[in-house]
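4 protein chains.
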Amino acid sequence: MYEYSRPVYYYETDKMGVVHHSNYARWLEEARTFYFDDMDLAYIVTESYGVMCPLTDLSLKFKRFAKYGDIFTAKIKMTMYNGVRFRMEYTVVNQDGQVLLEAESGHAFVGADHKPVRLQRAIPHRHELMKKLVEEEI
Amino acid sequence: MYEYSRPVYYYETDKMGVVHHSNYARWLEEARTFYFDDMDLAYIVTESYGVMCPLTDLSLKFKRFAKYGDIFTAKIKMTMYNGVRFRMEYTVVNQDGQVLLEAESGHAFVGADHKPVRLQRAIPHRHELMKKLVEEEI
Amino acid sequence: MYEYSRPVYYYETDKMGVVHHSNYARWLEEARTFYFDDMDLAYIVTESYGVMCPLTDLSLKFKRFAKYGDIFTAKIKMTMYNGVRFRMEYTVVNQDGQVLLEAESGHAFVGADHKPVRLQRAIPHRHELMKKLVEEEI
Amino acid sequence: MYEYSRPVYYYETDKMGVVHHSNYARWLEEARTFYFDDMDLAYIVTESYGVMCPLTDLSLKFKRFAKYGDIFTAKIKMTMYNGVRFRMEYTVVNQDGQVLLEAESGHAFVGADHKPVRLQRAIPHRHELMKKLVEEEI
Numbered sequence: 032m033y034e035y036s037r038p039v040y041y042y043e044t045d046k047m048g049v050v051h052h053s054n055y056a057r058w059l060e061e062a063r064t065f066y067f068d069d070m071d072l073a074y075i076v077t078e079s080y081g082v083m084c085p086l087t088d089l090s091l092k093f094k095r096f097a098k099y100g101d102i103f104t105a106k107i108k109m110t111m112y113n114g115v116r117f118r119m120e121y122t123v124v125n126q127d128g129q130v131l132l133e134a135e136s137g138h139a140f141v142g143a144d145h146k147p148v149r150l151q152r153a154i155p156h157r158h159e160l161m162k163k164l165v166e167e168e169i
Numbered sequence: 032m033y034e035y036s037r038p039v040y041y042y043e044t045d046k047m048g049v050v051h052h053s054n055y056a057r058w059l060e061e062a063r064t065f066y067f068d069d070m071d072l073a074y075i076v077t078e079s080y081g082v083m084c085p086l087t088d089l090s091l092k093f094k095r096f097a098k099y100g101d102i103f104t105a106k107i108k109m110t111m112y113n114g115v116r117f118r119m120e121y122t123v124v125n126q127d128g129q130v131l132l133e134a135e136s137g138h139a140f141v142g143a144d145h146k147p148v149r150l151q152r153a154i155p156h157r158h159e160l161m162k163k164l165v166e167e168e169i
Numbered sequence: 032m033y034e035y036s037r038p039v040y041y042y043e044t045d046k047m048g049v050v051h052h053s054n055y056a057r058w059l060e061e062a063r064t065f066y067f068d069d070m071d072l073a074y075i076v077t078e079s080y081g082v083m084c085p086l087t088d089l090s091l092k093f094k095r096f097a098k099y100g101d102i103f104t105a106k107i108k109m110t111m112y113n114g115v116r117f118r119m120e121y122t123v124v125n126q127d128g129q130v131l132l133e134a135e136s137g138h139a140f141v142g143a144d145h146k147p148v149r150l151q152r153a154i155p156h157r158h159e160l161m162k163k164l165v166e167e168e169i
Numbered sequence: 032m033y034e035y036s037r038p039v040y041y042y043e044t045d046k047m048g049v050v051h052h053s054n055y056a057r058w059l060e061e062a063r064t065f066y067f068d069d070m071d072l073a074y075i076v077t078e079s080y081g082v083m084c085p086l087t088d089l090s091l092k093f094k095r096f097a098k099y100g101d102i103f104t105a106k107i108k109m110t111m112y113n114g115v116r117f118r119m120e121y122t123v124v125n126q127d128g129q130v131l132l133e134a135e136s137g138h139a140f141v142g143a144d145h146k147p148v149r150l151q152r153a154i155p156h157r158h159e160l161m162k163k164l165v166e167e168e169i
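From first to last, the protein sequence lines stand for chains A, D, E and G. Numbering-wise, this note's numbering puts 115 at position 84 of the first sequence, and it's gapless, one number per residue. Numbering-wise, this note's numbering puts 162 at position 131 of the second sequence, and it's gapless, one number per residue. Numbering-wise, this note's numbering puts 103 at position 72 of the third sequence, and it's gapless, one number per residue. Numbering-wise, this note's numbering puts 126 at position 95 of the fourth sequence, and it's gapless, one number per residue.
In short, the hints are calculated from the structure, not lab data. Glycine included, C-beta positions come from ideal geometry on N, C-alpha and C. Mixed in with the good hints there might be a few duds.
As the list claims (entries may be wrong) - Derived list of chain G stretches under chain E, where covered just means 3 residues or more per stretch with a C-beta under 8 Å from a C-beta of chain E: (1) 55-65; (2) 90-98.
Claimed, not checked - Beyond 10 Å from chain G on every Cβ pair, some chain D residues (computed): (3) 33; (4) 42; (5) 45; (6) 116.
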């Protein structure tokens with residue numbers, strides 16, 4: 032399972048003294064970006080083909096507050112890919128291994144017109160790479 | 032059902048040309064704040080009693096892109112309240128009535144030590160108000 | 032002088048218990064957007080002509096903390112316009128009239144290639160409107 | 032001069048296709064945090080003494096757009112310290128060494144009551160460290 036870590040930024044906290052929940056969606060996006068970069072599927076290249084992959088859904092379960100001073104690690108893997116859509120699962124822990132967040136996101140490949148696109152047609156060699164990620168549960 | 036509207040801000044868009052998904056959690060929080068203000072349950076007063084109500088979970092289904100120039104309306108209601116926890120449901124539409132987002136959030140009342148708090152004990156008169164909101168499906 | 036008001040959002044606070052300074056740049060952008068909308072110079076129309084007006088500089092003087100529960104008012108006016116660039120000045124106060132922020136921003140009209148554009152050439156009738164805003168100190 | 036680098040995050044871009052200017056204040060805060068951490072002046076420790084150091088002013092000169100795919104480096108140094116206030120200067124460049132931003136910020140040490148605090152009285156050993164940073168232009 033792929034891992035991405037960084038410290039909590041001060042501007043991510045709110046007056047409750049902990050990380051504001053809206054930032055978790057951003058942490059997961061950072062984790063996805065680095066994951067795809069390292070899997071030879073850099074998102075900036077995806078976009079250069081005129082293909083984008085917006086979220087279709089996002090589910091967050093908040094388990095424990097993240098605090099300023101914490102270093103989080105997002106563990107991420109792909110759980111489904113069907114040529115047009117894919118799904119990711121995440122567990123975010125702090126430096127003590129305590130679970131902060133469990134999450135799941137759905138994504139669809141779309142073109143500039145925001146309509147679904149078959150990856151195999153749009154960027155063929157990436158289709159094979161995506162299939163491998165799910166098969167190998169990376 | 033309670034409604035909250037405002038225009039999309041430019042800084043909420045991303046390079047895909049639409050509102051970045053992480054902002055929806057913020058729109059829902061704005062809607063909740065105005066909802067509770069108008070129900071005589073202002074969150075700033077809740078906090079003055081040493082009680083906070085962080086999210087326990089958040090589920091977002093993205094139905095359509097929101098764009099700069101759009102004016103969104105978040106329709107919000109309370110669907111459950113059991114004295115310690117409550118749940119809210121949301122439908123966010125644009126100025127043409129098209130659904131942008133369907134969402135659900137869970138919340139728990141906690142004290143300064145981040146432990147669960149029974150609202151009836153902490154702020155008794157608010158317990159009655161909360162019960163009424165669910166009963167009347169406001 | 033044009034005025035724009037709204038309540039502070041919870042997610043704009045940080046663990047210091049006050050509004051995080053990075054949000055002020057966003058408040059000023061909101062104020063500018065409503066200002067130009069009301070002056071018949073809606074930014075969304077500017078962009079439809081292929082013209083954008085990014086910031087060239089921004090200067091912020093923080094006078095007093097803004098808190099959750101506050102309603103801010105941004106007072107804004109145009110102080111310079113030379114056909115390619117313009118400057119805005121802002122004073123942001125709270126509901127008690129106490130000054131929170133004094134600010135100034137510079138902007139340039141640019142095309143899709145990010146190169147400077149003369150507004151008179153790109154959108155002629157807007158050039159006259161802009162000149163009037165500065166002359167009349169609105 | 033101290034340096035802090037990281038890639039641009041997707042959620043930092045706006046519909047102009049570049050990094051939204053409000054994020055620069057956040058980049059500078061990240062750079063300051065790592066700077067002080069590495070100088071044995073971790074901000075989380077400062078706060079544990081009941082001392083905070085909010086910004087008094089911030090000045091940003093935008094030189095060039097930052098894009099998704101860029102890796103920025105913020106070069107940062109302390110330019111003034113007088114026991115209660117200090118000033119920082121920044122130059123932010125991209126991976127090609129092109130200047131994206133020049134900036135300057137002012138800060139004051141304050142207590143829980145938001146009133147100015149002499150660092151020498153509040154956290155004596157840190158006063159010596161701060162003086163050294165300015166003298167040695169780190």
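Outcome of the hint check:
Coverage of the region 55-65 of chain G by chain E holds. Counting CB-CB distances below 8 Å, 3 residues qualify, and the rule asks for three or more. For the region 90-98 of chain G, the stated coverage by chain E is satisfied: 5 residues place a CB nearer than 8 Å to a CB of that chain, which reaches the threshold of 3. No Cβ of chain G approaches the Cβ of residue 33 (chain D) within 10 Å, the least distance being about 29 Å, so the stated non-interface status holds. Listed as outside the interface, residue 42 (chain D) is inconsistent with that label: its C-beta sits roughly 5 Å from the nearest C-beta of chain G, within the 10 Å cut-off.
For residue 45 (chain D), the requirement that its beta carbon stay farther than 10 Å from each beta carbon of chain G is not met, with the minimum near 5 Å. The Cβ of residue 116 (chain D) lies farther than 10 Å from every Cβ of chain G, with a closest approach of about 30 Å, so its non-interface assignment holds.
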